[in-house]
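Student: Those protein sequences? They're chains A and B, same order as listed.
Note that the working numbering has the first sequence beginning at 6, numbered continuously upward.
Note that the working numbering has the second sequence beginning at 4, numbered continuously upward.
Honestly, the hints are just simulated from the structure, not real lab data.
One thing to keep in mind: the hints can contain errors.
[What the hints assert, rightly or not] Calculated pairs, BS3-like style, for lysine-lysine (alpha carbon to alpha carbon, straight line, at most 25 Å):
#1 B:Lys94 to A:Lys747
#2 A:Lys429 to A:Lys13
#3 A:Lys457 to A:Lys504
#4 A:Lys618 to A:Lys661
#5 B:Lys74 to B:Lys23
#6 A:Lys317 to A:Lys286
#7 A:Lys748 to B:Lys63
#8 A:Lys580 to B:Lys182
#9 A:Lys783 to B:Lys182
#10 B:Lys63 to B:Lys130
#11 B:Lys94 to A:Lys513
#12 A:Lys491 to B:Lys74
#13 A:Lys316 to A:Lys351
#14 B:Lys55 to A:Lys797
#15 A:Lys610 to A:Lys425
#16 B:Lys62 to A:Lys797
#17 B:Lys55 to A:Lys793
#18 A:Lys100 to A:Lys86
#19 B:Lys94 to A:Lys584
#20 B:Lys62 to B:Lys130
#21 A:Lys800 to B:Lys182
#22 B:Lys253 to A:Lys580
#23 A:Lys318 to A:Lys286
#24 B:Lys248 to A:Lys580
#25 A:Lys565 to B:Lys74
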Amino acid sequence: MSISFVDKRKKDKALPEFFLPYIREWFYSRFKELTPPQQFALRLIHQKKNALITAPTGSGKTLAAFLTIINELFKLAEKNKLEDKIYCIYVSPLKALNNDVRKNLEIPLAEIKEIYKKKFGKELPEIRVAVRTGDVLPSEKAKQLKKPPHILITTPESLAIMLNAPKFRNLLSTVKWVIIDEIHELASSKRGVHLSLSLERLRELTKKEFVRIGLGATLHPLEEAAKFLVGYNNKGKLRECVIVDVTWEKGYDLKVLCPVDDIIHISAEELNNAMYELLDKLIETHRTTLIFTNTRSGTERVVYHLKERWKKKYAELDTDSLIGAHHGSLSREVRLEVEEKLKQGKLKAVVCSTSLELGIDIGYVDLVVQLGSPKSITRAIQRIGRSGHKFGEIAKGRIISLDRDDLVETSVMLQCALKKKLDKFKVPKNCLDVLAQHIVGMALEQKWKIEKAFKVIKRSYCYHELSKEDFLSLLRYLSGSYVSLKDRNVYGKIWLDEKTKEFGKRGKYTRVIYYLNLGTIPDEVKVDVYTIPDYKYIGGIEEEFLERLRPGDIFVLGGKLYQFVYSRGMRCYVKQAPKDALPTIPSWFSEMLPLSFELAEEIRKFREKMLKKFNKKESEEKIISWILKNFPVDFNTAKAIYLYFKEQYEFAVIPKANEILIEHTEDLHGRKFLVFHALFGRKVNDALSRALALIISDQISSDVLTIISDNGFAFLIPKEKNVDAKKALEKLFEVEIEELLKKNIRRTELMVRRFRHCASRSFLVLRNYKGHKISVAKQQLNAQTLLKVCEKIDKDFPIIKETYREILYDVMDLENAKKVIEELKNKKLKIKEIFTPLPSPFAHNLIILGESDVILMQDRKKRLLELYEAVMKEIEKKSK
Amino acid sequence: MFKISKNLFIPCEIQALYIKPINTICIADLHLGYEGIMAEYYGVFIPKVQFKEEMENLKKLLKAFDSIPEKIILNGDVKHEFSETSYHEFKEVSELLSFLEKNFEEIIIVKGNHDNFIARVTKKFSKVKLVEIYEEKDFVFFHGHKLMKSKKEFKGKTVIIAHEHPSIAFYSYTGKKEKIPCFLYGKINDYELCVMPAFSTLAQGSEINLIPKQELLSPLLREIDIDSLEVILVSNELGIKKLAKLGDVKRVMNYL
Numbered sequence: 006m007s008i009s010f011v012d013k014r015k016k017d018k019a020l021p022e023f024f025l026p027y028i029r030e031w032f033y034s035r036f037k038e039l040t041p042p043q044q045f046a047l048r049l050i051h052q053k054k055n056a057l058i059t060a061p062t063g064s065g066k067t068l069a070a071f072l073t074i075i076n077e078l079f080k081l082a083e084k085n086k087l088e089d090k091i092y093c094i095y096v097s098p099l100k101a102l103n104n105d106v107r108k109n110l111e112i113p114l115a116e117i118k119e120i121y122k123k124k125f126g127k128e129l130p131e132i133r134v135a136v137r138t139g140d141v142l143p144s145e146k147a148k149q150l151k152k153p154p155h156i157l158i159t160t161p162e163s164l165a166i167m168l169n170a171p172k173f174r175n176l177l178s179t180v181k182w183v184i185i186d187e188i189h190e191l192a193s194s195k196r197g198v199h200l201s202l203s204l205e206r207l208r209e210l211t212k213k214e215f216v217r218i219g220l221g222a223t224l225h226p227l228e229e230a231a232k233f234l235v236g237y238n239n240k241g242k243l244r245e246c247v248i249v250d251v252t253w254e255k256g257y258d259l260k261v262l263c264p265v266d267d268i269i270h271i272s273a274e275e276l277n278n279a280m281y282e283l284l285d286k287l288i289e290t291h292r293t294t295l296i297f298t299n300t301r302s303g304t305e306r307v308v309y310h311l312k313e314r315w316k317k318k319y320a321e322l323d324t325d326s327l328i329g330a331h332h333g334s335l336s337r338e339v340r341l342e343v344e345e346k347l348k349q350g351k352l353k354a355v356v357c358s359t360s361l362e363l364g365i366d367i368g369y370v371d372l373v374v375q376l377g378s379p380k381s382i383t384r385a386i387q388r389i390g391r392s393g394h395k396f397g398e399i400a401k402g403r404i405i406s407l408d409r410d411d412l413v414e415t416s417v418m419l420q421c422a423l424k425k426k427l428d429k430f431k432v433p434k435n436c437l438d439v440l441a442q443h444i445v446g447m448a449l450e451q452k453w454k455i456e457k458a459f460k461v462i463k464r465s466y467c468y469h470e471l472s473k474e475d476f477l478s479l480l481r482y483l484s485g486s487y488v489s490l491k492d493r494n495v496y497g498k499i500w501l502d503e504k505t506k507e508f509g510k511r512g513k514y515t516r517v518i519y520y521l522n523l524g525t526i527p528d529e530v531k532v533d534v535y536t537i538p539d540y541k542y543i544g545g546i547e548e549e550f551l552e553r554l555r556p557g558d559i560f561v562l563g564g565k566l567y568q569f570v571y572s573r574g575m576r577c578y579v580k581q582a583p584k585d586a587l588p589t590i591p592s593w594f595s596e597m598l599p600l601s602f603e604l605a606e607e608i609r610k611f612r613e614k615m616l617k618k619f620n621k622k623e624s625e626e627k628i629i630s631w632i633l634k635n636f637p638v639d640f641n642t643a644k645a646i647y648l649y650f651k652e653q654y655e656f657a658v659i660p661k662a663n664e665i666l667i668e669h670t671e672d673l674h675g676r677k678f679l680v681f682h683a684l685f686g687r688k689v690n691d692a693l694s695r696a697l698a699l700i701i702s703d704q705i706s707s708d709v710l711t712i713i714s715d716n717g718f719a720f721l722i723p724k725e726k727n728v729d730a731k732k733a734l735e736k737l738f739e740v741e742i743e744e745l746l747k748k749n750i751r752r753t754e755l756m757v758r759r760f761r762h763c764a765s766r767s768f769l770v771l772r773n774y775k776g777h778k779i780s781v782a783k784q785q786l787n788a789q790t791l792l793k794v795c796e797k798i799d800k801d802f803p804i805i806k807e808t809y810r811e812i813l814y815d816v817m818d819l820e821n822a823k824k825v826i827e828e829l830k831n832k833k834l835k836i837k838e839i840f841t842p843l844p845s846p847f848a849h850n851l852i853i854l855g856e857s858d859v860i861l862m863q864d865r866k867k868r869l870l871e872l873y874e875a876v877m878k879e880i881e882k883k884s885k
Numbered sequence: 004m005f006k007i008s009k010n011l012f013i014p015c016e017i018q019a020l021y022i023k024p025i026n027t028i029c030i031a032d033l034h035l036g037y038e039g040i041m042a043e044y045y046g047v048f049i050p051k052v053q054f055k056e057e058m059e060n061l062k063k064l065l066k067a068f069d070s071i072p073e074k075i076i077l078n079g080d081v082k083h084e085f086s087e088t089s090y091h092e093f094k095e096v097s098e099l100l101s102f103l104e105k106n107f108e109e110i111i112i113v114k115g116n117h118d119n120f121i122a123r124v125t126k127k128f129s130k131v132k133l134v135e136i137y138e139e140k141d142f143v144f145f146h147g148h149k150l151m152k153s154k155k156e157f158k159g160k161t162v163i164i165a166h167e168h169p170s171i172a173f174y175s176y177t178g179k180k181e182k183i184p185c186f187l188y189g190k191i192n193d194y195e196l197c198v199m200p201a202f203s204t205l206a207q208g209s210e211i212n213l214i215p216k217q218e219l220l221s222p223l224l225r226e227i228d229i230d231s232l233e234v235i236l237v238s239n240e241l242g243i244k245k246l247a248k249l250g251d252v253k254r255v256m257n258y259l
């Protein structure tokens with residue numbers, strides 16, 4: 006087997022025999038014993054085996070990766086065979102941490118050298134470490150060329166640049182080890198895809214295999230991450246890799262908490278009070294608490310309230326506050342200061358959105374609190390794994406939920422976590438935009454035989470299944486085959502000779518274009534929102550949010566409701582929402598991570614288990630104690646879940662695991678809804694609901710508004726219209742869903758924005774050109790024209806193809822959506838249709854989804870309560 | 004032919020105007036060389052398709068006439084922008100003018116804001132006349148980026164401008180957006196006004212039903228009540244369709 010798991014029985018109890026005595030002395034002067042990753046990794050790396058090491062942060066895995074390498078370098082130094090070459094490259098997506106990594110290497114290197122000197126009275130040659138990223142000064146880079154570091158620390162983007170730096174690239178030819186950090190982030194993103202190709206290009210340069218070491222938090226399936234790390238060899242066989250997953254050596258103490266015993270009959274204010282009381286109690290009884298909030302606005306709010314409520318305790322002096330906020334919108338200085346204070350143990354609590362999920366060593370944290378659902382089991386484990394600093398200590402995590410759907414979701418999530426059942430991640434495959442970049446980079450290096458280049462590219466796991474046609478069409482596009490010969494000097498980035506089957510560089514600006522436009526992260530700016538017709542500026546939204554808007558969508562900005570009309574460049578135009586309008590999309594929608602398909606399935610199974618208990622007429626006590634016994638939850642949670650299901654059961658139906666419940670209903674304002682209780686996660690529901698919206702609007706010849714959540718989706722249907730839902734679903738079996746969706750998204754914001762990203766990754770729309778930066782607004786307008794023209798030339802233009810792929814398979818989850826349709830078709834999934842006078846409890850959150858904004862928290866709660874009471878009245882009527 | 008008014012007609016489903024009393028065709032905003040400029044100056048590599056499309060459209064336009072009129076007016080922005088370096092950019096303009104000389108007796112180019120260097124090409128063509136503003140009988144043609152005359156002088160005349168590239172944007176709840184070029188026509192006080200859509204198949208225009216008035220490009224349009232103008236759509240797919248007054252279009256489409 007090419008990919009294997011380490012034999013956990015064969016662990017090193019002490020530093021292995023191959024370590025030099027003075028390194029051994031240094032190690033034991035610093036550490037008592039090996040940590041779990043070190044017990045396996047040191048020997049594997051010594052045996053020149055590729056290794057994927059996953060463990061929580063603070064487990065000594067970085068040292069596990071470096072220590073053997075350091076040992077080898079000292080052996081060379083001793084024999085005076087240490088050359089002025091780069092031996093090891095360390096790549097991390099977090100540029101900000103690179104200097105920390107350098108320090109963490111330089112100190113031990115100096116200390117080891119010192120021990121040697123004391124022992125043998127001789128000075129060893131210095132083992133040099135250097136950082137090379139976009140932030141490093143040219144003078145420093147020039148120095149590195151003269152005196153290359155033995156260990157080079159860099160980012161994926163800078164590595165790609167180095168591969169094309171005429172002189173510096175020669176220094177890379179001696180690399181023996183490559184360490185990839187934060188592999189759980191990279192393996193699922195285009196940045197990682199980009200890196201995977203850089204590694205194969207590096208492999209061309211070294212002319213022989215180097216040892217690959219991947220580090221990160223755990224993920225599932227690990228084999229997939231290992232394949233991403235190592236790729237295939239020239240014979241088309243997977244390279245070998247040994248997986249060391251020591252995530253579970255740590256114990257996990259997990260629990261879902263609900264701050265009140267009745268989550269329904271309580272005002273938003275009381276509920277909030279109870280939540281903060283609980284939070285305060287948790288912070289009080291622990292040394293340092295790390296709190297995750299999912300959104301940036303949530304982070305600010307929680308910090309504000311904690312300080313407001315307990316001024317004396319947490320914020321007596323404003324400058325010396327004991328609570329810090331940390332999220333992506335804060336300046337780097339502020340974030341660094343909070344990190345520093347956290348490391349020094351000067352804070353009681355840090356509140357963050359997602360920013361402290363990975364990377365930096367955060368020092369001593371003994372409790373992680375998650376407010377609301379983190380939406381994935383893997384993420385819950387990664388976050389909670391940040392507590393319990395040392396190995397052997399237990400990671401303690403508490404999830405506080407204030408909403409019944411959330412309570413169900415997080416209870417099932419933590420149960421899965423305890424059973425080590427994680428959700429799946431996906432490696433993006435055959436991304437043509439990233440590949441375009443590398444082809445240009447490769448052409449700048451040398452002349453290539455098409456066949457040879459194709460072979461190199463296919464070594465990457467992300468491109469192993471790349472078709473020859475796609476590769477050729479990309480080469481043709483890059484050579485400017487779509488313009489006349491004389492224009493190819495401007496348009497073409499490479500020349501292509503299909504007769505000799507070769508390609509190479511073209512254009513005097515290409516090298517500069519490559520350096521200045523390389524990378525996979527699109528330019529981002531705020532989108533300004535204006536009202537029409539009075540043209541008043543009302544605020545900014547993230548482009549990611551704009552991307553999700555469909556004309557007619559209603560959202561909250563600055564406490565008011567607006568209806569989206571259109572956008573142009575980086576401006577968004579809205580009008581005042583009609584009276585009594587209901588928001589269709591919450592402002593945090595784009596920040597909120599989607600529920601994973603696997604967890605959704607577990608929740609569906611849980612629903613069915615509950616249904617069986619009600620069918621068997623089990624008593625309240627019995628059901629509650631079953632929940633308490635089988636799920637890591639407190640009593641309040643168990644009771645809230647019980648009541649939630651009981652009401653759903655009595656009022657309507659609890660859907661089974663293999664059932665989509667379709668509910669025809671009206672809300673209290675007489676608005677007609679068609680609710681699909683389709684618990685598949687938002688990415689799948691996005692695809693399903695778009696297709697169904699098209700089919701339904703066709704059926705009733707009228708537009709329908711859509712609301713999407715992780716638990717299902719709902720259509721707002723004009724009062725006088727009736728939808729044949731079954732027929733609509735069956736229509737799904739007949740249509741080619743991929744084509745239908747393509748047609749649907751073609752003219753949406755999502756398409757035009759994502760096309761800009763893909764076009765800019767493939768150097769069709771440049772961000773930097775001839776000495777000036779091109780504004781994002783301009784890029785956007787240009788990309789729109791470009792899209793129009795490219796479509797005319799060729800519907801399957803590589804970059805258009807990639808844009809659809811990114812939207813359908815990365816943004817949405819068409820793969821699983823197709824699975825759902827297939828199962829509906831062969832009746833593995835069944836449809837149940839019901840008519841209710843009011844939305845059933847399971848539909849409540851969906852129907853008022855758009856209102857789940859902070860500003861409207863009070864109103865939302867009121868609306869929920871209204872709905873709830875109306876439902877209870879119905880139940881009473883029935884039982885009479 | 005679609006009749007806009009007593010004197011003005013749209014010959015076929017192409018963004019062109021026929022002015023009957025003076026037996027003249029008028030097209031505007033060709034923006035030749037758009038892609039080259041975008042590639043060379045702005046780093047966006049739009050394949051060159053426009054010239055071919057515009058030439059095809061021209062031929063289609065001529066076919067709409069039993070006998071081709073003697074005169075054609077190009078109401079501004081024949082060329083997108085002139086770059087110093089790319090001489091082949093001139094080739095397209097030359098080719099166009101050669102084609103026109105073969106088919107017309109008189110070619111009048113009204114200068115637009117992008118036409119600074121066009122004289123370099125036009126001087127080689129004997130039938131081509133380059134002017135800032137063109138007047139014949141009761142018809143006044145100017146590009147529209149500047150107000151060429153005081154509005155008092157428009158009295159009783161028909162003013163024909165371009166520059167704005169007007170189009171109507173349609174949206175639906177399922178998220179589709181369509182942009183269709185249109186003519187704007189109507190009586191303003193004591194003169195008639197006709198705003199022409201662009202002949203260019205690429206250059207961005209104003210989505211006239213959405214854009215706030217102060218963001219319009221033409222100074223003339225910013226000053227008048229454009230909501231009172233009739234909207235006439237012209238597109239390949241849709242044909243020629245009279246919509247309504249712009250103000251009503253905005254109201255009905257429920258955007259404002």
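Student: If a hint holds in the structure, say so; if it does not, say that too.
Tutor: Results of checking the hints against the structure:
At roughly 39 Å between alpha-carbon atoms, Lys94 of chain B and Lys747 of chain A are farther apart than 25 Å, so this suggested pair is violated. Our distance criterion of 25 Å between C-alpha atoms is met by Lys429 of chain A and Lys13 of chain A, whose separation comes to about 24 Å. Between Lys457 of chain A and Lys504 of chain A the alpha-carbon distance is near 15 Å, which keeps this suggested pair within the 25 Å criterion. Restraint check for Lys618 of chain A and Lys661 of chain A: satisfied, since their Cα atoms lie roughly 12 Å apart, inside the 25 Å limit.
Proposed proximity of Lys74 of chain B and Lys23 of chain B is supported: the alpha carbons are some 11 Å apart, at most 25 Å. About 15 Å separates the Cα atoms of Lys317 of chain A and Lys286 of chain A, which keeps this hinted pair within 25 Å; it holds. The straight-line distance between the Cα atoms of Lys748 of chain A and Lys63 of chain B is roughly 30 Å, outside the 25 Å bound, and the hint therefore fails. A hinted pair counts as satisfied when its Cα atoms are at most 25 Å apart, and Lys580 of chain A with Lys182 of chain B qualifies at roughly 20 Å.
In summary, the hint linking Lys783 of chain A to Lys182 of chain B is supported, as the alpha carbons are separated by about 19 Å, within the 25 Å threshold. Between Lys63 of chain B and Lys130 of chain B the alpha-carbon distance is near 22 Å, which keeps this suggested pair within the 25 Å criterion. Under the criterion of a C-alpha separation no larger than 25 Å, the hint pairing Lys94 of chain B with Lys513 of chain A is consistent with the structure, at around 24 Å. Proposed proximity of Lys491 of chain A and Lys74 of chain B is contradicted: the alpha carbons are some 34 Å apart, above 25 Å.
For the proposed pair Lys316 of chain A and Lys351 of chain A, the alpha carbon gap of about 17 Å is at most 25 Å, so the pair holds. At roughly 13 Å between alpha-carbon atoms, Lys55 of chain B and Lys797 of chain A fall within 25 Å of each other, so this suggested pair holds. Using a Cα cut-off of 25 Å, the hinted pair Lys610 of chain A and Lys425 of chain A holds, with the two alpha carbons roughly 17 Å apart. Proximity of Lys62 of chain B to Lys797 of chain A is assessed by CA-CA distance (about 20 Å); at most 25 Å being required, the pair is judged to hold.
Restraint check for Lys55 of chain B and Lys793 of chain A: the C-alpha separation of about 16 Å stays at or below 25 Å, so the hint holds. Taking the CA atoms of Lys100 of chain A and Lys86 of chain A, the gap is near 32 Å; set against the 25 Å cutoff, the hint is violated. Of the supplied pair hints, the one linking Lys94 of chain B and Lys584 of chain A is violated, its CA atoms being roughly 58 Å apart against a limit of 25 Å. The hinted pair formed by Lys62 of chain B and Lys130 of chain B meets the criterion: a straight-line CA distance of about 19 Å does not exceed 25 Å.
In summary, the hint linking Lys800 of chain A to Lys182 of chain B is supported, as the alpha carbons are separated by about 19 Å, within the 25 Å threshold. A threshold of 25 Å between alpha carbons decides the hint, and for Lys253 of chain B with Lys580 of chain A the separation of about 13 Å falls inside it, so the pair holds. For the hint linking Lys318 of chain A to Lys286 of chain A, the alpha-carbon distance of about 12 Å falls within 25 Å, and the restraint holds. The hinted pair formed by Lys248 of chain B and Lys580 of chain A meets the criterion: a straight-line CA distance of about 21 Å does not exceed 25 Å.
For the given pair, Lys565 of chain A sits about 57 Å from Lys74 of chain B by alpha-carbon distance, which is inconsistent with the 25 Å threshold.
Hints 1, 7, 12, 18, 19, 25 from the earlier list are contradicted by this structure; the remaining hints agree with it.
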